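My request is simple: use the sequences and hints to build the entire structure.
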Amino acid sequence: MSILAQEMSDSNRILTIALFMVMVLVTIGITIQGGRTTRTATDFHSGGRGFSAAQNGFAVAGDYVSAASFLGIAGTIALYGYDGFLYSIGFLVAWIVALLLVAESLRNSGRFTVADALSYRMKQRPVRTAASIATLSISIFYLLAQMVGTGALVTLLLGIKEGETFLGMDAGAAKVVGIVVTGLLMVAYVAFGGMKGTTWVQIFQACVKIGLAFVLAILVLAEYNFNLSALLGDAAQASGQGAAFLEPGLRYGTEVAGDSLQTLWNKLDLISLGLALVLGTAGLPHVLIRFYTTPDGKTARKSVNWAIGLIGMFYLLTLVLGFGAAAMVGKEAIIAENPAGNSAAPQLSQVIGENIAGSTGGAIMLALIASAAFAAILSVVAGLIIACSSSLAHDLYNGVFKQGKASGHQEVVFAKFAAVGVGAIAVVIAVFAQDLNVAFLVALAFAVAASANLPTLLFSLFWKRFNTAGAVAGIYGGLISAIGLVIFSPTFSSTPTSLLGEGVDIAWFPLSNPGLVSIPFGLICAVVGTLMSKESNPSRFASMQVRALTGAGAERASTH
Amino acid sequence: MTTTPDADGAPPEVSEADIAAMHDDPRFIELKRTLFRFTVPVLLAALAWYFVYVLMSAYARDFMGIVLFGNINLGLVLGLSQFLVTFWITWGYNRFTARHFDKQSADLRDDIMNGGK
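From first to last, the protein sequence lines are chains F and D. Residues 1 to 560 (the UniProt record's numbering) make up the first sequence, in order. Residues 1 to 117 (the UniProt record's numbering) make up the second sequence, in order.
Just so you know, these hints were derived from the structure itself, not from any lab. Among these hints, one or two may not hold up.
Said to hold, decoys possible - Below, a list of computed lysine-lysine pairs in the DSSO-like style, where the Cα atoms sit at most 30 Å apart: (1) D:Lys-32 with D:Lys-103; (2) F:Lys-464 with D:Lys-32; (3) F:Lys-534 with D:Lys-32; (4) F:Lys-405 with F:Lys-416; (5) F:Lys-402 with F:Lys-416; (6) F:Lys-267 with F:Lys-331; (7) F:Lys-123 with F:Lys-331; (8) D:Lys-32 with F:Lys-123; (9) F:Lys-416 with F:Lys-161; (10) D:Lys-103 with F:Lys-161; (11) F:Lys-464 with F:Lys-416; (12) F:Lys-123 with F:Lys-534.
Predicted model, so just to flag it, every value in this text is computed and none were measured.
And the structure:
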């Protein structure tokens with residue numbers, strides 16, 4: 001039984017599209033308003049540094065809670081129960097690292113990009129180049145994962161099945177249209193609105209997606225008189241797995257009977273994923289550069305309080321949505337719609353709406369949750385595009401090629417063209433890659449962030465002896481080991497779900513998640529690189545640490 | 001403040017040497033010690049608790065499946081405890097900085113920016 005496909009009439013689709021158009025108009029309006037007061041490089045890259053803790057906290061939540069979180073985690077919980085929850089926990093606990101070590105220090109010691117803080121006491125060109133390559137790799141992996149997912153989501157949310165057409169589009173054409181529209185919007189937000197426009201768009205979209213997830217979760221709980229235990233009992237029963245559905249082991253670290261070696265690899269893979277999730281967040285460039293939009297380090301730190309509150313609440317809701325979908329939609333109906341489970345939350349919203357107000361209620365709830373999912377996609381990809389364009393313009397164009405001599409105006413013009421360029425490349429790749437299984441790119445982005453960025457960022461802030469050779473070795477070591485290990489993992493070849501399929505087998509590395517090896521490797525590279533070079537700059541370290549902890553000499557907010 | 005920032009919000013004129021000099025000031029050393037005494041143990045404890053949870057999800061599944069009441073098992077309660085710990089640390093760090101860090105750090109900044117003690 002496929003609820004979405006059977007009951008999705010054209011009028012329902014039009015309602016979904018109408019809500020989507022309202023959101024597009026609102027966000028374009030916000031973008032134009034934000035662009036009007038964008039004049040300088042500080043305005044473009046860092047939104048004028050005038051955002052309050054609450055504003056930046058909402059924007060961080062908008063930047064961070066992706067469609068993969070919104071639909072993916074709910075779907076994984078709906079299909080595999082407890083194991084989907086592991087993602088929610090890793091994504092949240094990771095914020096403690098950002099709160100305690102990174103947010104305030106980074107805001108105080110950098111200017112526009114992660115490379116600013118990393119290269120502060122190093123030789124500019126090699127460190128900026130390395131940091132920029134890491135930023136671009138992480139952001140583009142994450143961007144491609146979102147963009148490819150977008151195509152499938154559009155057909156899913158509009159309920160276009162293979163062989164059907166809507167407004168003359170079949171499922172394939174609708175996917176391409178979805179990817180292109182998303183690409184145009186994300187580039188427009190960034191190129192016309194800069195960081196100011198993007199920030200306000202993300203604040204708006206964070207309210208939309210978290211607010212609607214909250215409403216849906218309350219409605220689900222209301223069906224069970226707010227008795228979580230009863231909801232879990234129903235979900236376990238409907239899953240056909242019984243109590244095992246509420247215990248770890250159905251999805252990650254699965255035990256293969258009679259194959260203790262594979263069981264060991266599966267369990268290590270789970271630990272590897274857990275490691276990358278918890279250490280990756282504080283190294284994600286698109287999240288880190290948001291701290292520069294606040295007036296000072298204290299505000300940056302307080303914005304993390306807001307972000308943790310919002311993100312934590314959201315991930316608690318995923319638990320209710322996932323188990324709610326398992327109980328009220330059912331595994332067969334979800335898999336019939338989308339084997340990965342991404343349709344669980346939209347299907348749940350339709351069931352809930354129908355319980356309240358018949359088929360009209362179902363259509364309205366479905367359209368609302370679909371627009372929340374679109375909001376999640378758009379706010380995250382816009383954040384990724386601005387991270388790429390800032391790094392290309394500020395680090396590579398101005399920092400490396402012009403050696404810091406380009407004017408702010410030149411840098412902004414370059415950044416706008418860079419946004420268009422990265423957006424165009426991402427759209428083209430996403431269109432051609434849409435039938436590939438690229439879900440691994442999110443985990444890879446976190447693994448690279450945890451292996452290449454976090455160790456070097458922390459050493460740069462807290463280790464006096466750390467130097468250029470260490471930073472360069474740490475960044476490239478973490479980056480290359482994370483990507484290399486994934487290429488030789490089952491993610492890439494040797495299984496039916498691999499990127500290259502079953503026919504190719506170059507998978508000598510048994511774990512799908514490289515973090516367990518690449519994070520220590522990146523760390524060791526940074527240490528060895530440092531000790532092998534005689535370079536040391538104690539006075540620059542002293543000034544960086546004083547800046548980081550006191551905010552002395554830190555970049556101020558724009559005054560206009 | 002001795003200077004006003006230009007329209008691009010550039011940092012005010014203060015020499016690297018003035019900033020670096022503060023590094024050896026006893027008040028800065030004390031500030032750093034106070035901060036790290038809070039953040040380092042708290043961070044290590046939080047990460048340890050997280051990894052205990054991940055390891056138990058991998059290797060102590062019967063234990064995680066112990067039902068406490070209704071359909072609520074130990075795995076779920078320990079998972080929810082990760083949320084509570086995160087919220088609790090956030091609250092605690094906010095309180096710590098308000099009491100022991102923000103004012104002290106701002107005083108040192110003002111000293112550096114005013115070029116004297």
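Legend entry - Hints breached by this structure: The structure breaks hints 7, 9, 10 and 11; every other hint is satisfied.
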